[in-house]
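Trainee: This is what each chain is made of:
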Amino acid sequence: MFEIGKKGGPESGSRPDSGPVRMETSAPRPSAMGSREAAVIGPSIHIDGDVRGEEDLLIEGEVSGTVQLKNNSLTIGPNGKVRADVYAHSIYVDGLLEGDMYGSERVNIRKSAQVRGNITSPRVSLEDGAKFKGSIEMDPQAVQGVVGRPATPKSAPAAAAAKPVAQQAPKAEASPVAKTGLV
Amino acid sequence: MAVDARQRGGGSAAAAGALAPEPLNAPLFHSLMQRMANGGRWVLLDLGAARSATIRAFGRFRCRLEIVDLAEGLDALNGETDVRRVRQRAEQLLPARRGELTDIVLCWDLINYLNQPALAALMECVALRCKRGALAHGLIYYSTRAMPERPSAFVPVDDQHIAQHAWAGRDRPAPRYTPEDLARCMPRYGVERGRLLRNGMQEFLFKL
Chain Z
1 MFEIGKKGGP ESGSRPDSGP VRMETSAPRP SAMGSREAAV IGPSIHIDGD VRGEEDLLIE
61 GEVSGTVQLK NNSLTIGPNG KVRADVYAHS IYVDGLLEGD MYGSERVNIR KSAQVRGNIT
121 SPRVSLEDGA KFKGSIEMDP QAVQGVVGRP ATPKSAPAAA AAKPVAQQAP KAEASPVAKT
181 GLV
Chain D
1001 MAVDARQRGG GSAAAAGALA PEPLNAPLFH SLMQRMANGG RWVLLDLGAA RSATIRAFGR
1061 FRCRLEIVDL AEGLDALNGE TDVRRVRQRA EQLLPARRGE LTDIVLCWDL INYLNQPALA
1121 ALMECVALRC KRGALAHGLI YYSTRAMPER PSAFVPVDDQ HIAQHAWAGR DRPAPRYTPE
1181 DLARCMPRYG VERGRLLRNG MQEFLFKL
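In order, the protein sequence lines correspond to chains Z and D. If you count by my numbering, then the first sequence holds residues 1 to 183, one letter each, in order. If you count by my numbering, then the second sequence holds residues 1001 to 1208, one letter each, in order.
Bound conformation, chain D alone (with noise of 0.2 Å):
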């Protein structure tokens, strides 16, 4: 399969000003792989781009990998106001309702780009597409008072290990989501399991 050699997310931009990659030892992540190399049908929603690597990571299993890219919809959640408009917003960005259920989200760093009225919303609607009991694993900026100003592209090494391509260019403040923080918008997510990484995020499992 072809690779960008530079995997820096896809746009000139960031081709030119991107970090180098730094694979992340991610111990929760190895967790879903290792669920999934148990065998079994799994339904994964990834609320990121489609990246290469990741079609490659779960294509050895018996899957469907649907692909939300939702990155170009967060200025849009972010800017309502109203709950019914982000809602409707959210439930637009998100694929239609299939019949099977998802098994898996993969959220990345999107957390971190979401303010909490949009954060609510999106991942109420993200419940509704998911059978009870499926996972949600999400990367939130927790010791770092900074994030770059833009969502990361993310994509598996192996089974253990991810690794993040930044963008360069400005940084933001992180919102720190606090376990907390995150409870209240997103209640139907339980925190099966928290780590902290070695660049200072937090890794979590939610559970639904």
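So here's chain Z without its partners, still in its complex pose (with noise of 0.2 Å):
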């Protein structure tokens, strides 16, 4: 069965059925960053559809559709299949993602992951060693255009620009951004 919301309590969502699936944990949880232990998509799990929630999580299983964790982070662990478009507070990739990725705090593609997609959020760390085909926007007016809040110019001659950017449609609203910047 579904182990989201496995480690965190009783809402675990779940249906026997093959159709698509959307999954949603029900309880509001405060943002990841360690306050608690992250749900868990379980190496043995499958899922075609949408995920929602309101908790951090762990898949390490497979995930194809969307994920939504806007306020709380994602993690894809080394063994973790994830064909969607992801949308979260931090994205943390160890395993395969295809798909883009809005982090609205940050993205961080680690050395084990192998990722083609693109990335839109204010903080990107790729780690050397990392397979990744895709676009990473570093602009940050592009990404306020994305995740709706501004942005802190990176450098001064960078931020002084004055071409025009290119309208992207926001894809997703996201949580507040705090601070521009590579980490």
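Keep in mind the hints are simulated off the structure, nothing from the lab. Be aware that a few hints might be false.
[What the hints assert, rightly or not] List of simulated lysine-lysine pairs, DSSO-like, C-alpha gap at most 30 Å: (1) D/1207 <-> D/1131; (2) Z/133 <-> D/1207; (3) Z/81 <-> Z/133; (4) Z/70 <-> Z/111; (5) D/1131 <-> Z/133; (6) Z/81 <-> Z/131; (7) D/1131 <-> Z/131.
The model shown is predicted, which means the values in this text are computed figures rather than measured ones.
The task is to assemble the complex, starting from two chains supplied on their own in separate frames and drawing on the hints.
Mentor: Shown next, in the form of structure tokens:
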């Protein structure tokens, strides 16, 4: 069965039918960052559909569709396989991801990761050794257009720019951005 | 940002036998960075692999960095003999065309690892993604007769220097493309400037 909420309480969502699944965890939780253990989608779980929640999530199984954790962190573990656009406060990738990433705070691609997709986030880090094909949006104005909150300019010369920015349609709302810059 | 201390290109074989990086004074790379520092939004197409140092170097500019990681597709490109198929392969390796066109193409040393039909097809497909006046930066093995068997990882050290993390092991003959060869394979690209680097490579800045 699904392991969403497994480590954090009783709110696990599961459906026995094989159709598309929209998975939502019920109780609002404080943002990620070590306040509690993350919910886990275990290695034997395959989900086709939307995964939404308000708690941190670790994916060790396979997910296709979308993943939305607006105020929480998503970790794709070393064995995780996600074919989805993902929206989260923070996104950490150790496994395989095919899809676009919208991290309102940060996206961290670790060296074991295999990623094909585009990253939009005020803070992006990529460890050497990671396989990455796609684009990284590093323009504070463009990131702002997607995450919906003013971003602090990265550096004076770059921020003084006057050229128009190509409009990008926001794909999702996201939580506040505290700071812009790569880490 | 975490950076692998070896910086050899990601594979264990590379890590086992790579050469120490040698920062190179790269004046044309410096001129690119100066142009970017003047401001504005830039779209970069990096034909090489994703490197933390590259992301860090360009992260202070208003830009979108598209990373192609072409190295794994080189054999497929070079192996095609039919012109139309080569072009199809090149299209498959490059990111989908978007509304926003590319300002700067980072070729690094990959040009040396493409035969002439593959080079022509790839750079034609790249040109279709570029703005008029876009710049392409490339490094050609010119005065040296041999080059590493596989493409090196080149990373910016600062605004003026790049480091080559070359593969150890066997070398292979370098095609030593001349400006005439390049003009024939890349007719849309004019050589804006060329400089011979101290490692024997010719640094080129092409303009579309």
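Trainee: When the hints from earlier in the document are held up against this structure, which numbers fail?
Mentor: none
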